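K.L.:
Make the full structure from the sequences, and use the hints.
So the protein lines, in turn, are chains A and B.
Mapping to my numbering: the first sequence position 178 is 178, numbers consecutive.
Mapping to my numbering: the second sequence position 192 is 192, numbers consecutive.
Don't take each hint at face value.
What the hints assert, rightly or not - Heads up, simulated DSS-like pairs for lysine-lysine below, C-alpha to C-alpha not over 25 Å straight-line:
{"id": "1", "chain 1": "A", "residue 1": "K208", "chain 2": "B", "residue 2": "K200"}
{"id": "2", "chain 1": "A", "residue 1": "K86", "chain 2": "A", "residue 2": "K15"}
{"id": "3", "chain 1": "B", "residue 1": "K200", "chain 2": "B", "residue 2": "K152"}
{"id": "4", "chain 1": "A", "residue 1": "K206", "chain 2": "B", "residue 2": "K190"}
{"id": "5", "chain 1": "A", "residue 1": "K208", "chain 2": "B", "residue 2": "K153"}
In case anyone wonders, no lab produced these hints; they're calculated from the structure.
The model shown is predicted, which means the values in this text are computed figures rather than measured ones.
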Amino acid sequence: MSRVWWVTMDIEKIKSGIEAAVPGASVQVVLNASPSAQHSLLIGREHAVEIARFLRDDAELRLDYCSNATGVDWLDTETSEKVKVKKLVDGVEQEVDEVRKTRVPGYLEAVYHLYSMEKKHGPVVMRMRTEDRERVTLPSLTPVWRSAEFQEREIFDLFGIVFEGHPDLRRILMWDGFEDFPMRRDYVEPNDYEYEPTAHDAVLEKAKAARAAEG
Amino acid sequence: MDQQLRTELSRQGIFTTTLEELYNWGRKSSVWPLTFGLACCAIEMIATTMARYDLARFGAEVFRPSPRQADLMIVAGTVTKKMAPQVVRLYNQMPEPKYVIAMGACAISGGPFKQGYNVLKGIDRYIPVDVHIPGCPPRPEALMDAFITLQKKIEAQSLTGPERPRHLDPEAPSEFEVPQYGAHDLVPAKNVKLWNITLKNAPNEPCVVGDDGHRKD
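P.N.:
Structure follows, in structure tokens:
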């Protein structure tokens with residue numbers, strides 16, 4: 001008999017557990033519609049450290065191992081919907097279609113994958129979101145899971161999320177004087193196109209632009 | 001000396017040579033590489049030195065841990081922009097005569113990471129490379145072939161004249177500019193004295209796309 005150690009956790013149960021243990025904590029379940037059904041917990045920034053402590057120390061969960069921390073960049077999105085609006089047209093009230101655009105500001109997201117070595121279950125996926133793409137501070141979870149230290153540094157390096165409470169927040173892959181955040185979706189890489197013998201697709205576009213710029 | 005006379009003399013048990021041949025024979029038979037590797041190609045380089053492939057047969061068994069004692073730099077692996085200044089500095093610290101083998105797709109061109117933001121598009125932007133080896137990673141045989149190619153190159157070097165080795169030419173540069181970390185990229189992005197291929201002197205990018213949107217060339 002094979003031992004199943006990959007237990008999918010009941011995410012709603014964890015959510016109610018957090019809400020009971022950390023008063024005032026904001027926890028949302030983000031459902032994953034794909035067959036993997038890896039739902040995740042979206043937790044508020046304010047109580048993140050307490051929630052993380054609870055997840056680690058709770059006798060039933062004991063999520064003692066943070067295997068992975070990564071970042072996601074969500075750009076600003078614009079949704080447009082058609083709304084019927086009553087308007088006065090030539091003195092007569094009429095129903096007119098109007099396109100209403102709503103701009104949803106983007107945000108940066110830190111995603112943590114938690115396992116329990118003791119209970120042999122996991123993963124529990126936990127997310128935190130920054131306010132928007134300009135105000136980019138999140139609480140560091142390194143005091144809770146030491147293994148997050150380098151990974152949070154990497155998120156800081158590549159996405160530019162500032163982790164408050166991190167013991168040593170420096171760039172880890174790029175050099176210290178580097179100013180950009182290369183994994184952000186609006187990152188513009190240095191224009192260093194060189195001759196490419198088999199250019200195609202995006203590289204061919206680059207080639208054409210470089211030749212046009214050279215005149 | 002006449003080749004025929006030489007053969008005749010050697011039949012009689014008299015060995016003749018020239019200073020140049022002797023000098024180059026000594027140089028090519030004791031090329032000591034610098035101990036350093038940058039990525040997976042380094043594993044193949046290590047394999048090349050071990051018993052199965054045994055680079056020692058060609059006089060390169062002593063990998064020196066200090067650039068001051070090394071003659072050959074095997075750039076084995078991906079050169080990231082963060083690592084490039086250190087590689088150039090190590091090269092500058094090696095005494096003449098010194099040679100460079102760029103091993104593998106990354107070291108010669110950036111390889112699969114060429115279009116990335118953090119990888120150098122080939123180490124020959126900053127230091128002169130004597131032998132390029134393609135492959136990802138190249139097999140130990142390929143490294144040995146490159147090494148033998150380098151030995152042939154050393155052997156063929158004339159000690160006088162314009163083609164003489166760099167260490168015999170007081171005008172020839174022995175050190176090259178170490179790039180600095182800039183805000184967005186390395187400064188300069190390439191050493192134009194070494195790397196002067198521009199789009200103007202490069203051929204056009206050929207691209208023939210068929211009706212189905214796929215490339216035909």
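K.L.:
Evaluate each hint against the coordinates.
P.N.:
Hints, verified against the model:
{"no.": "1", "hint": "A:K208 with B:K200", "in the structure": "holds, 13 Å"}
{"no.": "2", "hint": "A:K86 with A:K15", "in the structure": "violated, 43 Å"}
{"no.": "3", "hint": "B:K200 with B:K152", "in the structure": "violated, 34 Å"}
{"no.": "4", "hint": "A:K206 with B:K190", "in the structure": "holds, 19 Å"}
{"no.": "5", "hint": "A:K208 with B:K153", "in the structure": "violated, 39 Å"}
In the structure shown, a violation is registered for the earlier hints numbered 2, 3, 5, in ascending order.
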